[in-house]
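Please build the complex by placing chain B with the ligands on the supplied structure of chain A, with the hints as guidance.
Chains as they are written, first to last, in my numbering: chain A, -16 to 292; chain B, 55 to 270.
Simulated from the structure, these hints should not be mistaken for lab results. Be aware that a few hints might be false.
Pairwise CB distance ranges (calculated) [stated by the list, open to error]:
hint	chain 1	residue 1	chain 2	residue 2	range
1	A	S(-9)	B	L123	38 to 48 Å
2	A	I(-3)	B	G194	52 to 62 Å
3	B	K127	A	R(-5)	13 to 23 Å
4	B	G194	A	L189	23 to 33 Å
5	A	V242	B	R148	52 to 62 Å
6	B	R166	A	R163	52 to 62 Å
7	A	P11	B	R260	54 to 64 Å
Computed, partial: chain A to chain B, Cβ under 8 Å [said to hold, decoys possible]:
hint	residue
8	V197
9	L200
10	T204
11	L268
Take a look, some chain A residues computed to stay more than 10 Å from chain B by CB distance [as the list claims (entries may be wrong)]:
hint	residue
12	K36
13	L151
14	V201
15	P291
Quick reminder that beta carbons are idealized off the backbone N, C-alpha and C, glycines included.
Below are the chains, spelled out letter by letter.
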Amino acid sequence: MLKLNLHSYFTRHIQVMLYSLGQLWRTPAATAMTVLVIGIALALPAGLYVLLKNVEQVSSQWDDASQISLFLQHKTPDVRGKQLAEQLLTWPDINAVYYQSAKDSLAEFRQLSGLDALLDTLPSNPLPPVIVIQPKLAPSENEALQSLVERLQNMQEVELAKLDMEWLQRLRTINETGERGISILAILLSLSVLLVIGNTIRLAILNRQTEIRVIKLVGGTNAFVRRPFLYTGFWYGLLGGAIAWLTLLLTLLFINGPVNRLAALYDSHFTLNWLSGQMFIALPLFGLLLGVLGAWLAVGRHLNDIEPT
Amino acid sequence: MIRFSEVYKRYPNQHEALSGLSFELDKGEMAFLTGHSGAGKSTLLKLIALIERSSHGQVWVNNQNLTRLPKWKVPYYRRKIGLVFQDHNLLHDRTVFDNVALPLIIAGENHREIGRRVRAALDKVGLLNKERSLPIALSGGEQQRVGIARAVVNRPPVLLADEPTGNLDPDLSREIMHLFEQFNQVGVTVFVASHDLELINRMGHRHITLHQGRLA
Ligand SMILES: Nc1ncnc2c1ncn2[C@@H]1O[C@H](COP(=O)(O)OP(=O)(O)O)[C@@H](O)[C@H]1O
Ligand SMILES: [Mg+2]
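Looking at chain A on its own, in the form it has when it is part of the complex:
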């Protein structure tokens, strides 16, 4: 008995589901328009999200790029410098050290700058010995890094401890800002999808007032009246989400070539991450949820107003 009821329950739902799809199919132009609006509204934040994820991926490649340059006092002898470097290597938050004597520094500068003649005129080496430190900390562990820099700065032989990661922090801040911007955009566009679906369903309800009255007269519950409209919203959302995914895919296909060429110019191994699998699930699912919710809101507002007279 229960099994039979359950069976007919699902059969009925599937019938209503297909019926709603059939209704949409009967007005292809109007349906296509609504679905496209929903699709574009969903594709925009999704596209920006994919872009952001890619930027994040690029910046994470430089995650171990933070380094601290320890400029020692001018008179520090090489022996002491090397000793210091070895001592630092035993610190738990330091991964690697590299000692560069003042002489090496000058040689490097000479090579890089090409200012041989000028450098020859100097009475003494103006450059200090440097210890380059690679911390065990990720750039995101900002406070720990700052404290490490501070401890290094307070050492006797150290003239200046400098953290070389400002540009990375800037990129990260830009990313965070972008993420928030996209979140807000996604919320606003989701709201507009909700409104579009709600409004479309509202019109459908008004078009079928007579039918709704008759259904209520012969004992139809609000749930029964609501069901086909919820499925209409379901289809709008699902189809809109699918359109969004397709739009995203085509856009990525379109920019993939140029991005790869750009990456090649920078000698980067970067390839565009399409996230297409994730989006294939997320967009239709999200659209579907918005669709049902929008329909629910619209039906809830109007269903009680339509009573038999």
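Relative to chain A, chain B with the ligands alone:
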């Protein structure tokens, strides 16, 4: 089966359509509701079908106090009341079969049972051969019979009709009234509002006559 006790109905515009109305209809009885236009016949039937609610007094149907019935129970209550209207209230984009099947679909009957009962109801009103037609392709009398088939398809114990012959010629009217008598004969309580005095006088049955919202 149907009992009104000191029932008042005042519409939002302060018009009092029914004033202190009391009467009783037995189970299995057939009665006509008559009275001038505006006497309150439709209002009375709407109170029984819970399309309207009384402002005062109590309405009992099948030992159920309608005054106390919560809103969410109304649909389930209506499934036990067959309603027939002057203008049929059919859905014009659905076939005769689908129109008659509507109460059964709503009640969640299974496919086979729906087919069986819809055909039985259509057979009863003599329209078995029209099940695939759209209502628009039928005559007025046939449309009304589709309406009646829909009203009785889930075998309600009470059948209400509001001027069901209002738009029909005398022969068709007699036919329709005769249908109601047939349902009454199998135990359905039938209550028909009509101002076709000539026809209903000839048929007999009890008359309940309203005059300006009171029993005349
Ligand atoms: N929804 C309504 N709002 C206000 N007045 C109404 C409404 N329905 C009916 N009436 C008034 O109530 C009175 C009774 O109407 P009704 O029950 O339709 O009478 P009948 O069916 O006997 O012609 C009439 O005067 C009518 O104008
Ligand atoms: Mg009337």
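How the hints compare with the structure:
1. For S(-9) (chain A) and L123 (chain B), the hinted distance range of 38 to 48 Å is not satisfied, since their beta carbons lie about 27 Å from each other.
2. In this structure the supplied range 52 to 62 Å is violated for I(-3) (chain A) paired with G194 (chain B), their Cβ-Cβ distance being about 38 Å.
3. Distance hint check for K127 (chain B) and R(-5) (chain A): the Cβ-Cβ separation is about 21 Å, which falls inside the suggested range of 13 to 23 Å.
4. The hinted range of 23 to 33 Å is satisfied by G194 (chain B) and L189 (chain A), whose Cβ atoms lie roughly 28 Å apart.
5. As the Cβ distance of V242 (chain A) to R148 (chain B) is approximately 55 Å, the hint placing it in 52 to 62 Å holds.
6. Distance hint for R166 (chain B) and R163 (chain A): a CB-CB separation of about 59 Å, consistent with the stated range 52 to 62 Å.
7. For the pair P11 (chain A) and R260 (chain B), the beta carbons lie near 57 Å from each other, so the given range of 54 to 64 Å is met.
8. Against a cut-off of 8 Å between C-beta atoms, the interface hint on V197 (chain A) holds, since the closest Cβ of chain B lies about 5 Å away.
9. The restraint placing L200 (chain A) at the interface with chain B holds, with a minimum CB-CB distance near 6 Å, inside the 8 Å limit.
10. Here the hint on T204 (chain A) is kept, as its CB sits about 4 Å from the closest CB of chain B, short of 8 Å.
11. A distance limit of 8 Å between C-beta atoms decides the matter here; for L268 (chain A) the minimum to chain B is near 29 Å, and the interface restraint is violated.
12. The non-interface label for K36 (chain A) is consistent with chain B: the shortest C-beta to C-beta separation is roughly 47 Å, beyond 10 Å.
13. L151 (chain A), annotated as away from the interface, keeps every beta carbon of chain B farther than 10 Å; the closest lies near 61 Å.
14. Listed as a non-interface residue, V201 (chain A) fails to keep its Cβ farther than 10 Å from every Cβ of chain B; the least gap is roughly 4 Å.
15. In this structure P291 (chain A) is not separated from chain B by more than 10 Å, as the shortest Cβ-Cβ distance comes to only about 5 Å.
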